[in-house]
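K.L.:
Listed below are the residues making up each chain.
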Amino acid sequence: MITIRKSHERGHADRGWLNTYHAFSFADYYDPAHVGFRSLRVLNDDRVAPGKGFGAHGHRDMEILTYVLEGTLTHRDSMGERRTFGSNVIQVMSAGTGVVHSEFNASHTDPVHFLQIWIEPSVQDAAPSYQEISFAPEEKQGRLRLLAGPEASPAEPAAVIHQDARVYAAVLNSGEKVAKTLAPGRHAWVQVARGKLCLNGQDLNEGDAAAVSDERELALAGDGPEGAEILVFDLA
Amino acid sequence: MQDVNVVVTFYSYHGATEKLALAAAVGAVEGRANIRLRRLPDIEAETTAEGDRMNMDYVAPREADAAWADAIILAIPARNFSAECQGYIASLEALRSQGKLNGKVAGALTSGSDSALPSLCGALARLGCVIVPPGFAGPAADAVEGAKLQGRRVAEVARALRQAGIR
Numbered sequence: 088m089i090t091i092r093k094s095h096e097r098g099h100a101d102r103g104w105l106n107t108y109h110a111f112s113f114a115d116y117y118d119p120a121h122v123g124f125r126s127l128r129v130l131n132d133d134r135v136a137p138g139k140g141f142g143a144h145g146h147r148d149m150e151i152l153t154y155v156l157e158g159t160l161t162h163r164d165s166m167g168e169r170r171t172f173g174s175n176v177i178q179v180m181s182a183g184t185g186v187v188h189s190e191f192n193a194s195h196t197d198p199v200h201f202l203q204i205w206i207e208p209s210v211q212d213a214a215p216s217y218q219e220i221s222f223a224p225e226e227k228q229g230r231l232r233l234l235a236g237p238e239a240s241p242a243e244p245a246a247v248i249h250q251d252a253r254v255y256a257a258v259l260n261s262g263e264k265v266a267k268t269l270a271p272g273r274h275a276w277v278q279v280a281r282g283k284l285c286l287n288g289q290d291l292n293e294g295d296a297a298a299v300s301d302e303r304e305l306a307l308a309g310d311g312p313e314g315a316e317i318l319v320f321d322l323a
Numbered sequence: 209m210q211d212v213n214v215v216v217t218f219y220s221y222h223g224a225t226e227k228l229a230l231a232a233a234v235g236a237v238e239g240r241a242n243i244r245l246r247r248l249p250d251i252e253a254e255t256t257a258e259g260d261r262m263n264m265d266y267v268a269p270r271e272a273d274a275a276w277a278d279a280i281i282l283a284i285p286a287r288n289f290s291a292e293c294q295g296y297i298a299s300l301e302a303l304r305s306q307g308k309l310n311g312k313v314a315g316a317l318t319s320g321s322d323s324a325l326p327s328l329c330g331a332l333a334r335l336g337c338v339i340v341p342p343g344f345a346g347p348a349a350d351a352v353e354g355a356k357l358q359g360r361r362v363a364e365v366a367r368a369l370r371q372a373g374i375r
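Chains as they are written, first to last, in the numbering used here: chain A, 88 to 323; chain B, 209 to 375.
Looking at chain A on its own, in the form it has when it is part of the complex (with noise of 0.2 angstroms):
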């Protein structure tokens, strides 16, 4: 079974120097049909004004995936951490017992896209770290990057959370095909960041998604003149 996300049917929040899409239930925009998918809790699509950002602030038990599309974002944290990074890198934050941190547009005359996912820890009270990691844009052209997971890998570097969860990237081109096959009871959430996407046959749009429940495979192809960006999550 496919259900499709559509993006206008998303939350939206503009206050000016942030203008963000919620795939679920997220601060002022509450829907009881959206409030996660399986470990899945949030996946905000945000789009950030030069210099300005999200303020220090905390959080607890929770998996805490940036992902950035277009420009540069500076992350500070209580864990003495204070990065700058832009595209093909996923950072992982896991919260564990309790962190503080601030992520800013690191560009003062470009605005910043990026995607916040949330992910459930199957446990708590976990040690609170950061991770980032970086890889060539050819790993995830035409294929499914691997960027976290619930074990390390060492053949292909990805973060690693406490989820039995599996989140990819992949930039297909228009045409480019690549398939995923899901093993019995697994379930996926398959988000165009951007372009057009073709999944099992049906049209998805930028900012779409589709809940993917009892498939066995999916069949993910790039659309329209550009192809798509899209992030692939296999979930318990």
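There may be inaccurate statements among the hints.
To be verified - Over the 12 angstroms line for every Cβ pair with chain B, so calculated as not near, a few chain A residues:
id, residue
1, Ser94
2, His144
3, Ser165
4, Ala223
5, Lys264
6, Gly272
To be verified - Derived list of chain A stretches under chain B, where covered just means 3 residues or more per stretch with a C-beta under 8 angstroms from a C-beta of chain B:
id, segment
7, 186 to 200
8, 288 to 299
In case anyone wonders, no lab produced these hints; they're calculated from the structure.
Everything numeric in this text was worked out from a predicted model, so none of it was measured.
Beta carbons: idealized from backbone N, C-alpha and C, even for Gly.
Start from chain A and add chain B according to the hints.
P.N.:
Relative to the frame of chain A, chain B by itself:
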């Protein structure tokens, strides 16, 4: 669990008080509070490179932060009340005079010497807050661990008061 909001407001010249404020904020998060961490902008102090950095890293406190908070933690350097700190206390006067600070929890932290602590707690008490003093974090605990413990205690006391219907 009862939601509880903690705002940590600090002033720091070179980053030492910032470390304590950050530890207090982490302690409050450990105590399952929602937190905001705010730095007072420079008034009297000459601008330093660290000050410039902190002005970029932190938002200045607004009245709405104190109104939002169930608990306020104030962290200042170990000098007598600076203009920055006095300005912050004065900025809370409007909320106090409307009775909006009654029963909020407050804690104070100073970096280095704690000689300014009693007067700082006194100022917060005059605003109508319930004062939570720094706790005993253990014989070998350093100032950062002490600040973390205080952050957690402030969050826990604020939650207990809310659960008891006291605010």
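K.L.:
Give a verdict on every hint.
P.N.:
So, going through the hints one by one against the coordinates:
no., hint, verdict
1, Ser94, "holds, 29 angstroms"
2, His144, "violated, 6 angstroms"
3, Ser165, "violated, 5 angstroms"
4, Ala223, "holds, 31 angstroms"
5, Lys264, "holds, 44 angstroms"
6, Gly272, "holds, 32 angstroms"
7, 186 to 200, "holds (count 4)"
8, 288 to 299, "violated (count 0)"
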